[in-house]
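Student: Here the protein sequences come in this chain order: A and B.
Counting along the first sequence from 1, when you hit position 19 you're at 699 in my numbering, and nothing is skipped either side.
Counting along the second sequence from 1, when you hit position 91 you're at 95 in my numbering, and nothing is skipped either side.
Mixed in with the good hints, there may be bad ones.
Unchecked claim - Under 8 Å between C-beta atoms, here's a sample of chain B residues computed to sit facing chain A:
{"hint": "1", "residue": "Val18"}
{"hint": "2", "residue": "Glu134"}
{"hint": "3", "residue": "Val146"}
{"hint": "4", "residue": "Val147"}
{"hint": "5", "residue": "Leu278"}
{"hint": "6", "residue": "Thr315"}
{"hint": "7", "residue": "Val318"}
{"hint": "8", "residue": "Val327"}
{"hint": "9", "residue": "Pro333"}
{"hint": "10", "residue": "Leu337"}
Unchecked claim - List time: in silico SDA-like cross-link candidates among lysine to any residue, alpha-carbon distance up to 25 Å:
{"hint": "11", "chain 1": "A", "residue 1": "Lys982", "chain 2": "B", "residue 2": "Ser269"}
{"hint": "12", "chain 1": "A", "residue 1": "Lys982", "chain 2": "B", "residue 2": "Leu200"}
{"hint": "13", "chain 1": "A", "residue 1": "Lys982", "chain 2": "A", "residue 2": "Phe714"}
{"hint": "14", "chain 1": "A", "residue 1": "Lys982", "chain 2": "A", "residue 2": "Asp969"}
{"hint": "15", "chain 1": "A", "residue 1": "Lys982", "chain 2": "B", "residue 2": "Val47"}
{"hint": "16", "chain 1": "A", "residue 1": "Lys982", "chain 2": "B", "residue 2": "Leu29"}
{"hint": "17", "chain 1": "A", "residue 1": "Lys982", "chain 2": "A", "residue 2": "Ala902"}
{"hint": "18", "chain 1": "A", "residue 1": "Lys982", "chain 2": "B", "residue 2": "Pro109"}
{"hint": "19", "chain 1": "A", "residue 1": "Lys982", "chain 2": "B", "residue 2": "Leu135"}
{"hint": "20", "chain 1": "A", "residue 1": "Lys982", "chain 2": "B", "residue 2": "Thr101"}
{"hint": "21", "chain 1": "A", "residue 1": "Lys982", "chain 2": "B", "residue 2": "Val147"}
{"hint": "22", "chain 1": "A", "residue 1": "Lys982", "chain 2": "A", "residue 2": "Phe928"}
{"hint": "23", "chain 1": "A", "residue 1": "Lys982", "chain 2": "B", "residue 2": "Ala326"}
{"hint": "24", "chain 1": "A", "residue 1": "Lys982", "chain 2": "B", "residue 2": "Trp154"}
{"hint": "25", "chain 1": "A", "residue 1": "Lys982", "chain 2": "B", "residue 2": "Arg239"}
{"hint": "26", "chain 1": "A", "residue 1": "Lys982", "chain 2": "B", "residue 2": "Ser160"}
{"hint": "27", "chain 1": "A", "residue 1": "Lys982", "chain 2": "B", "residue 2": "Gln125"}
{"hint": "28", "chain 1": "A", "residue 1": "Lys982", "chain 2": "A", "residue 2": "Phe994"}
{"hint": "29", "chain 1": "A", "residue 1": "Lys982", "chain 2": "A", "residue 2": "Asn823"}
{"hint": "30", "chain 1": "A", "residue 1": "Lys982", "chain 2": "B", "residue 2": "Ile155"}
{"hint": "31", "chain 1": "A", "residue 1": "Lys982", "chain 2": "A", "residue 2": "Gly1002"}
{"hint": "32", "chain 1": "A", "residue 1": "Lys982", "chain 2": "B", "residue 2": "Ser236"}
{"hint": "33", "chain 1": "A", "residue 1": "Lys982", "chain 2": "B", "residue 2": "Arg275"}
{"hint": "34", "chain 1": "A", "residue 1": "Lys982", "chain 2": "B", "residue 2": "Asp102"}
Hints are computed from structural coordinates only; laboratory data are not their basis.
Owing to the predicted nature of the structure, the values given are computational and were not obtained by experimental measurement.
A virtual CB, placed ideally from N, CA and C, is assigned to each residue, including glycine.
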Amino acid sequence: MQPGAEFGVFSRVPGGVWAAGFVLLFMPLVAGNFWLFQVFGWSFCLGIIALSLMFLAGYGGMVSLIQMTVAVLAGYVVAILGSSGVEQISLGLAWWLYLPLAILIATAFATLVGALAVRTEGIYTIMITLAIASAFFYFTRQNYGIFNGYSGFNLVVPPRLFGIDWRQPTAFYYLSLAGAVLCYAAVVYVSRSPFGLALQGVRDNPRRMASLGFNVTAHRIAAYAFAGVIASIGGILLVWQTAQVAPFSGGISAVIDILIIAVVGGIRRPIGAFIGAFIFVLLSTFSPDILSAFGLSNERFKLVIGIGFLAVVFFSPDGALGLWERWRARRRSAVDPLTGKALAEGRP
Amino acid sequence: MTEFARRNPFWSLVIAVLAAVFLWLILAPWSPGLEEALGRKRVFLNAIFGGLTLGALYFLVASGFTLIFGLMRNVNLAHGSLYLLGGYLGYTISTATDQWLLTFPAVFILVALLGLLMQHQVFRRMQGEELRQTMVTIGLSVVLADVMLWIWGGQSYTIQSPDWLSGPATLPIVAGVGRNGEAIYMRFPQVRIAILVAAIVIGVGMWIVLNRTRLGMLIRAGVDDREMLTASGVRINYVFLAVFGFGAGLAGIAGMVGGTFQSLSPGEDTRFLLASLVVVIVGGMGSIPGAAIGALIIGLVEQIGLVYAPTYSVVFTFLIMAVVLAFRPQGLLGAGR
């Protein structure tokens, strides 16, 4: 879906990626504004945030629920330092000042949380990041001096640059597409860099990596920092897409939505985050119509999402990508000559 | 306890002094200077007792959570949903039958049955896969939350406490001095006192069962070496089923309690899931005394924070968790992992 690896050796890029890139690039010619802005724009924003979770979970083995909070914090910084509908708080700084600051502050927060969370493992990491995320949610809801409490900020729009209104559907589509491609490429690049390989080594066997002389804790914290950068880019795009940021943007259900997106798409590969986000956005946009077609109240979309998520974690731990790979493996019936097992392709 | 005092003379002294100051603050009448510094004594006392009862409620939820996790390594992030479901069921049953006390066993049995179903259908299939259990229970909690919203709607409910428990009781603690110089005694809702007592009884009972009975011995042994216990002819699966059912039923009862002196509405499930997460992180995973201490600390901090610094009360809870994590990642009473 993402033309991620455009740079580098072009000939190695499979045809599917070229096709997907071509389709995505010329999408505005066929798709309506609703699809461009509401479906694709939103999918890219959520996909970037889920991508940061995928990086931590897939390559680092750390399932962190803090990524949505980091993204929302970046959105808050944009709203506070930039301009918004709440004029008594927003400072109205220039975009080249508040964008780096937003990424910097949110990344610092992510690193701090990471420093706490890497002291624990597995389920404990989930619990601690969930607890911190909820503390952030309750704090923003109660704090009126900086975060404007319950109502948060509205009218947070991207700056007019180069004479383009970036909130127009086509412009925002390309903006979020560019952000998604950039983040995807960064994650793919980092995962193949020495740091990324060491991180995957830490995921598979921390003790061996430690005895080889790698600083396991530092690698994990650095992974949190990198994922924080990705998440804050997603958060800035998300706040521009929805034009508002409020405590509920980082509420428990939003935090869990990101986990659902990453898992449903497939947490082992970066592209899974975007597939999951696309499925999630499609479901949440169109489930009212589907539900009322079945004679159910159209508020039951959480039920659809929850049952779908349950089915995925029950039957296919690798998410939609895992299903796809299994289907392909069965069609080709590719068999490893040594073990006799079906080949699973594209493992990280 | 004497062991602890012998090994850490400094810290036990600090704890003893703090406890003495605390007791003095509660029991002694306050001088005007102190009242000026800390506000009215009645407000302080109410915060303390509110914190104690809130801690009791947190203990009821968190002890079931930590029991299931500590003994069976089962991660149940749908525990908050069991709490809320227990509350809603309690509301429905008690308004229909008008029997507050009889509702408790009914709620316990219903929620415990649901817990048994979960253990049988979910956890037994993925024993040892903690992350998958987490994901599945998160999905379950999303589904349960929406089903409950479907059935009971978005409004908030309060369970009516019975006549013989309504109204305040007068405690033998001086809350202040009246205008004519006579002491005013503290008054506190009877329901909350009953809940506090019940939580203490349940906690002590659980500790005794786990540490002093044959069943407790079986449970603890099963945690350490399941195969050996099975080989000795114990049907360990039944023991674990019983523990899971008990922990779930406890969450249901806590929901009934919470619905009586607070209220029930969508969102309470995550609130209490998080409360139990924080409590067991602070107290130590799998330890009943740890859950008691953690619940006490979190309840007190939350209430005192609400009275004296309302904006930052959540941050205090979180700060305590962060400090505990930084110095003792396994929790105050947790065993080393």
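Student: Compare the structure with each hint and give your call.
Tutor: Hints, verified against the model:
1. Val18: This interface hint is violated because 25 Å lies over the 8 Å limit.
2. Glu134: For Glu134/B, the interface hint holds, since the closest Cβ of chain A sits about 5 Å away, which is under 8 Å.
3. Val146: holds (4 Å)
4. Val147: holds (4 Å)
5. Leu278: holds (5 Å)
6. Thr315: holds (5 Å)
7. Val318: OK, holds: Val318/B within 8 Å of chain A, min 4 Å.
8. Val327: Constraint on Val327/B not satisfied, violated at 10 Å.
9. Pro333: holds (5 Å)
10. Leu337: violated (16 Å)
11. Lys982/A with Ser269/B: Distance of about 17 Å is within 25 Å: holds.
12. Lys982/A with Leu200/B: violated (36 Å)
13. Lys982/A with Phe714/A: holds (22 Å)
14. Lys982/A with Asp969/A: holds (14 Å)
15. Lys982/A with Val47/B: violated (42 Å)
16. Lys982/A with Leu29/B: violated (49 Å)
17. Lys982/A with Ala902/A: Distance of about 34 Å is beyond 25 Å: violated.
18. Lys982/A with Pro109/B: violated (32 Å)
19. Lys982/A with Leu135/B: holds (22 Å)
20. Lys982/A with Thr101/B: Violated. Lys982/A to Thr101/B sits at ~33 Å, over the 25 Å cutoff.
21. Lys982/A with Val147/B: holds (7 Å)
22. Lys982/A with Phe928/A: With a Cα-Cα distance of about 16 Å, the restraint between Lys982/A and Phe928/A holds, given a limit of 25 Å.
23. Lys982/A with Ala326/B: The hint is violated at about 32 Å.
24. Lys982/A with Trp154/B: Distance of about 11 Å is within 25 Å: holds.
25. Lys982/A with Arg239/B: violated (39 Å)
26. Lys982/A with Ser160/B: Distance ~20 Å between Lys982/A and Ser160/B Cα, so the pair holds.
27. Lys982/A with Gln125/B: Answer holds: Lys982/A to Gln125/B is near 22 Å, not above 25 Å.
28. Lys982/A with Phe994/A: The hint holds at about 18 Å.
29. Lys982/A with Asn823/A: violated (29 Å)
30. Lys982/A with Ile155/B: holds (14 Å)
31. Lys982/A with Gly1002/A: The hint holds at about 23 Å.
32. Lys982/A with Ser236/B: Roughly 47 Å between the alpha carbons, so the hint for Lys982/A and Ser236/B is violated.
33. Lys982/A with Arg275/B: holds (18 Å)
34. Lys982/A with Asp102/B: Violated, at roughly 34 Å.
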